[in-house]
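2 protein chains.
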Amino acid sequence: MSDGFRLDEARALLLRTPRVLEAWLGGLPDAWLHVTEGASTWSPFDVLGHLIHGEETDWIPRARIILGDAADKTFPPFDRTAMFEASRGKSADVLLERFATLRAESVRTLDGWTLGDADLARRGVHPAFGEVTLRQLLATWTAHDLGHLAQVARAMAKRYREEVGPWRAYLSLMDWKD
Amino acid sequence: MSDGFRLDEARALLLRTPRVLEAWLGGLPDAWLHVTEGASTWSPFDVLGHLIHGEETDWIPRARIILGDAADKTFPPFDRTAMFEASRGKSADVLLERFATLRAESVRTLDGWTLGDADLARRGVHPAFGEVTLRQLLATWTAHDLGHLAQVARAMAKRYREEVGPWRAYLSLMDWKD
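One line per chain: the protein sequences are S and U, in this order. Numbering follows UniProt numbering, in which position 76 of the first sequence is assigned residue number 76; successive positions increment by one, without gaps. Numbering follows UniProt numbering, in which position 60 of the second sequence is assigned residue number 60; successive positions increment by one, without gaps.
Be aware that one or more of the hints could be misleading.
A pair counts as met if it fits within one copy or between any two copies, since identical chains are not told apart.
[As the list claims (entries may be wrong)] Derived pair list, reagent style SDA-like, types lysine to any residue, alpha-carbon separation capped at 20 Å: (1) K90 with T101; (2) K73 with P166; (3) K73 with G165; (4) K177 with R80; (5) K177 with E37; (6) K73 with T101; (7) K177 with R161; (8) K73 with L171; (9) K73 with A39; (10) K73 with E131; (11) K73 with W113; (12) K90 with D117; (13) K177 with V125; (14) K177 with A118.
Since the hints were derived computationally from the structure, they do not count as laboratory data.
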């Protein structure tokens, strides 16, 4: 267990992510929504679909496995690119609304569990990493949101890599890669 | 001139930044607002103050110099750390409101100029870089917002560097530095 993780603090960020994305991407020109950092990189629109897929198949479903009674607590692998198919033909506004709905449900589920320290220490099995705790899963869910918010900023910023001229030297985001 | 910059698109992002920060930081626990990445790095609260100082002394004031009639178009240097003093004793909510007010004024000023391509090609003199165009200044203003949004995400994510356990391997944001 780590002293740095508090469920109420993680929850405060998890609740806000859909609102942040709505404020940022709602009604934004397509040039920003669909910009990528090059081949095999994601646009803000792709990120939205990925976050939706995470709500549907990753975070709460994995927490359920940890908290459940099954003998085998191995998580199914998470498909990081499922959103390319699932988002096809949808608008960003539809995805924003879907994500907001799903995240609100996820947080309601989390609240309903009234997790204590003993619960947070329970374990599941990650298909690549082996044993992980519920606390680590919830910290990762939160950090994962933040990682993708930063990725949205980065994909958009790189669009102006040349346009900023000599200021590029001050904009380290332009050179950050995964 | 570059084909990648369109004023209406830049404006769409500039307008949204205060709303994004309000959705993200409004009412957020202090543990997130004041987290830094270590000595001499900025918290989300510090970033807010820095953005306010930019509205007051950097972006529109520099554009005014470019568009003005003075023979010497050298920008005064921008004080990147002025906010440490200016933000002292203020709440994040006060800073969020101040930034929203200032940014709205900045965008109104920008709109009032009805800038065309000839205006965007006009030049000023950056104290370190030499000649820069208004187009570069406006592209940098936009990218600068995005850089600091990514920085906010990064400062908060690093708080969970240890808490995420083995998932850290998937969270490249944790290892991104300026």
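Hint check results:
Within a single copy, K90 and T101 get their C-alpha atoms as close as 16 Å, which meets the 20 Å cut-off; across copies the closest is 34 Å, which misses it. In the homo-oligomer, the alpha carbons of K73 and P166 lie at most 20 Å apart only across protomers (17 Å), although the nearest pairing inside one protomer, at 53 Å, exceeds that limit. Taking identical chains as interchangeable, the C-alpha atoms of K73 and G165 lie at most 20 Å apart only when they sit on different chains, with a minimum of 18 Å there against 52 Å within one chain. Taking the closest pair of Cα atoms, K177 and R80 come within 20 Å of each other only inside a single copy of the chain (18 Å); across copies the shortest separation is 25 Å, beyond that limit.
Within a single copy, K177 and E37 get their C-alpha atoms as close as 9 Å, and across copies as close as 19 Å, so both meet the 20 Å cut-off. Taking the shortest alpha-carbon separations for K73 and T101, neither the intra-copy value of 27 Å nor the inter-copy value of 51 Å comes in at or below 20 Å. Taking the shortest Cα distances, K177 and R161 sit within 20 Å of each other both inside one copy (14 Å) and across copies (18 Å). Taking the closest pair of Cα atoms, K73 and L171 never come within 20 Å of each other, the shortest separation being 44 Å inside a single copy and 23 Å across copies.
With identical chains, the CA atoms of K73 and A39 are never at most 20 Å apart, being 36 Å at best within one copy and 41 Å at best between copies. Taking the closest pair of Cα atoms, K73 and E131 come within 20 Å of each other only inside a single copy of the chain (9 Å); across copies the shortest separation is 62 Å, beyond that limit. With identical chains, the CA atoms of K73 and W113 are at most 20 Å apart within one copy only, with a shortest distance of 18 Å there and 62 Å across copies. Taking identical chains as interchangeable, the C-alpha atoms of K90 and D117 are never at most 20 Å apart, the minima being 41 Å within one chain and 35 Å between chains.
Proximity of K177 to V125 under the C-alpha cut-off of 20 Å is found in neither arrangement, the shortest distances being 29 Å within a copy and 31 Å between copies. For the identical chains of this complex, K177 and A118 are neighbours neither inside a copy (38 Å) nor across copies (35 Å), given an alpha-carbon limit of 20 Å.
Comparing the model with each numbered hint stated earlier shows that hints 6, 8, 9, 12, 13, 14 do not hold.
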